[in-house]
Amino acid sequence: MTTMSTAAPAAAPSRERLVSWAFLAPFLIAFALFLVWPLVHGLYLSVTNQSLTGAGGSWVGLDNYREALTDPTMWRALRTTVWFTIVSTIPLVILALVMALLVHRGLPGQWLWRLSFFMPFLLASTVISQIWVWIFNPDIGAANSVLGTFGIEPIAWLQDPAVNLYAIVIATVWWTVGFNFLLYLAALQNIPDQLYEAAAIDGAGPWRRLTSITLPQLWPATILIVMLQVLASLKLFDQAYQMLIGVSTDTTRPIVQYIYESGFVGYRFGYSAAISYVFFALIVIVGVFQMTAMNRRRSL
Amino acid sequence: MARRSTMLSRRGLLTGAAAIGGAAALSGGLSACGAASAANPDQIQFWTLLSGGDGGTMADMVAKATGSGAAYDVKTTTLVWGEPYYTKLAMAATGGRPPELAIMHASRVPGYAPGGLLDSWDVARLAELGVSQDDFPEEIWQKGMIGDKVFAVALDAHPTVLMFNPEICDKAGVLDSDGKLRRTESPEEFLDLLGQVGGQTKGSPPLSYGYLGDGSQMFRLFYTFYTQHGASMTFPEGGKAEIDDDIAVESLELMQRLLDGKLAVQRNDYAAALAEFATGRSGLLFTGVWELRSVKEAGVPFDMTAIPTLFGTPAAYADSHAFVLPHQNEVDEHRRDLTYRFVADLLKGSYDWATAGHVPAYLPVTQSPEYAKLTPQSHYAEVAQQVNYDPAAWFTGSASNFHSNFGNAIQPALMTGKDAPGAIDAFRARVDRLLKTQNPVDPDGTWKP
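Sequence lines, in order, name chains A and B. Quick note on numbering: the first sequence equals residues 1 to 300 in full-length UniProt numbering. Quick note on numbering: the second sequence equals residues 1 to 449 in full-length UniProt numbering.
Hints listed in this document are in silico derivations from the structure and should not be mistaken for laboratory results. Among these hints, one or two may not hold up.
If you want a taste of the chain B side facing chain A, the calculated C-beta under 8 angstroms gives, among others [to be verified]:
id, residue
1, T94
2, G115
3, G203
4, D442
Every residue gets a Cβ at the ideal spot worked out from N, C-alpha and C, and that includes glycine.
Chain A with its partners taken away, still in its complex shape (with noise of 0.2 angstroms):
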């Protein structure tokens, strides 16, 4: 994009200026198709009774939102995703990291381990969560019968409401995991050289040349993959949907399925346009709070 301003002349004819519009018109029809007018019509919607069936739609004002407010149903979904993003996004970072020093420093053959960790991610999510349903079978399922090696009690993974959400994180961590692997091992191979060679000159062993230098230059990678973690941990919807379809209760129901269910099983689209909106107001603040600490960083 730089690139492109810079090569503009400022005062460029009418002519070029149309063609560059006519470049950028199909992004920008679908942009206005399918990002703005939904987001309008959504905000519109929260403050009708729409109902999915064509009913209603008259105006009732702030009522969808104080109905959220005060849902107890809501807030546990908001926190069920929340906590789910806390959970998940720490050993997604951390893993990540472990296994891109891991493949950069030693392991022989990089490419297979760069292939083997980032092929989960190309699958879809109906196909993780029918791995992960059998994965997790309390009866045949691979992770009992390994934990039953060990003499570990069967755990109802799916069934049991104390351990499913953790459930939901480890296919998760499996699944998405290699994302993070390859921005990591991206970054660890722009590090340059030479301060590694000028450290080893100077006496620092192994790990004083991980503390000094590694992570510190891994900083700004670490800061985008918890910014890209975050968000995407936030949209939880489709493996803990798939995972739990006939089991799901209160403390697993993520708020997006909240919006789904209340829009589309419920009927309500205006309550759900509502919710959608709350949960928006929640990224915005995330989102404007990450991007503080990234610029302050940036400013020392």
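With chain A fixed as given, assemble chain B onto it according to the hints.
Here is chain B on its own, set in the frame of chain A:
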């Protein structure tokens, strides 16, 4: 560094986008259904949510009805059971291209009809074809009515029943001379019976009942015990739930007493409980009639009976599969006429439906001599006279979020065996919340039957 990170992310994003594109291409095969059957004027579109064994039985019944030189041809579309089915049916009716005929749970009709999503049945037209109110048990016919109009004609009732293993029960000495389970008339007598059966199940609990994460399954047994007290639940729109707390607590406490780890596994899910019984590890199973076929196929000896009347009044939770006419903007009279005939033929041929375990609603079938010979179906046919549907409200019914709300409120009490009154309070609070909300298919409350 910052620039490098951006580049990295772009590369990552591209890969990610490729992955998403691939996934979209893979899942792009889902096609729209319910295309108008414009080509053949005699063809009826028929939507069902019956899968597995039920689906096969229904397909056979449809084939039988259309086979013998029938005036109509039927195109059956089977959709996934549960919430998605009702969403699709609602959207099809709204979009003006619904099927001519659909199957719904009778318990869902009170939430559905008010949006103008259903057309009512013409009783006179049904009567001409030999289908009238007298041909159905009173409760079952009434469930299809809103105001004085008939919106659903029931195919069956599928109540909750008690399955038992006659070999184990015989050894335990709880069968009477004609092979029926000994009558028990109070919770204590039933617990005694279970204790006796427990002596013959080689260390496994005698009773199987799975409920984890399954609000419907919890509500079925709870409501059976609750209505056996002769009590009812009323959910007046905009008002407060009318639930008899003492009776509700007593019903829930009986469930807790059963789930003590000795009489039944305390934390069990539906599939595991079914497997316990189907492999002969337990002697009794609380389940629905629809499991008849799967237990039969498992090859374990079994019989079925009504859930014993432990609180004075014979009662069982049930629902019905019922025929409805999704609202058509412009009714094709010829097709509608064929639809009436098709439904009458299916009802008259519903003896076959009994093989799937369901109790046919059409009395001439269940009162026939062939049906009396059908076992174990005839052993529980009486339950059709004792059915109790979900309390009527827009949010109740099979696959509704009322059941999941009930489950969420009650499950902790069943898992721990503690605080039944607290669980009932939580249930009441949830129902009161739902009652405050206007029916979303008629949010302005303008519909009249």
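Check your understanding: Can we keep the G203 (chain B) interface hint, with Cβ of chain A closer than 8 angstroms?
Key -> Where the cut-off is 8 angstroms and the nearest Cβ of chain A is about 17 angstroms from G203 (chain B), the hint is violated.
Point to revise | Proposed interface contact between D442 (chain B) and chain A, which counts if any beta carbon pair is under 8 angstroms | key: 6 angstroms, holds
Exercise for review: So, T94 (chain B) near chain A? Judge it on the closest CB pair being under 8 angstroms.
Suggested key: 5 angstroms, holds
**Study point:** Status of the G115 (chain B) interface restraint (C-beta, 8 angstroms, chain A)
**Key:** G115 (chain B) check passes; min Cβ-Cβ to chain A is 5 angstroms, inside 8 angstroms.
In this structure, only the earlier hint numbered 3 is contradicted, and the remaining ones agree with it.
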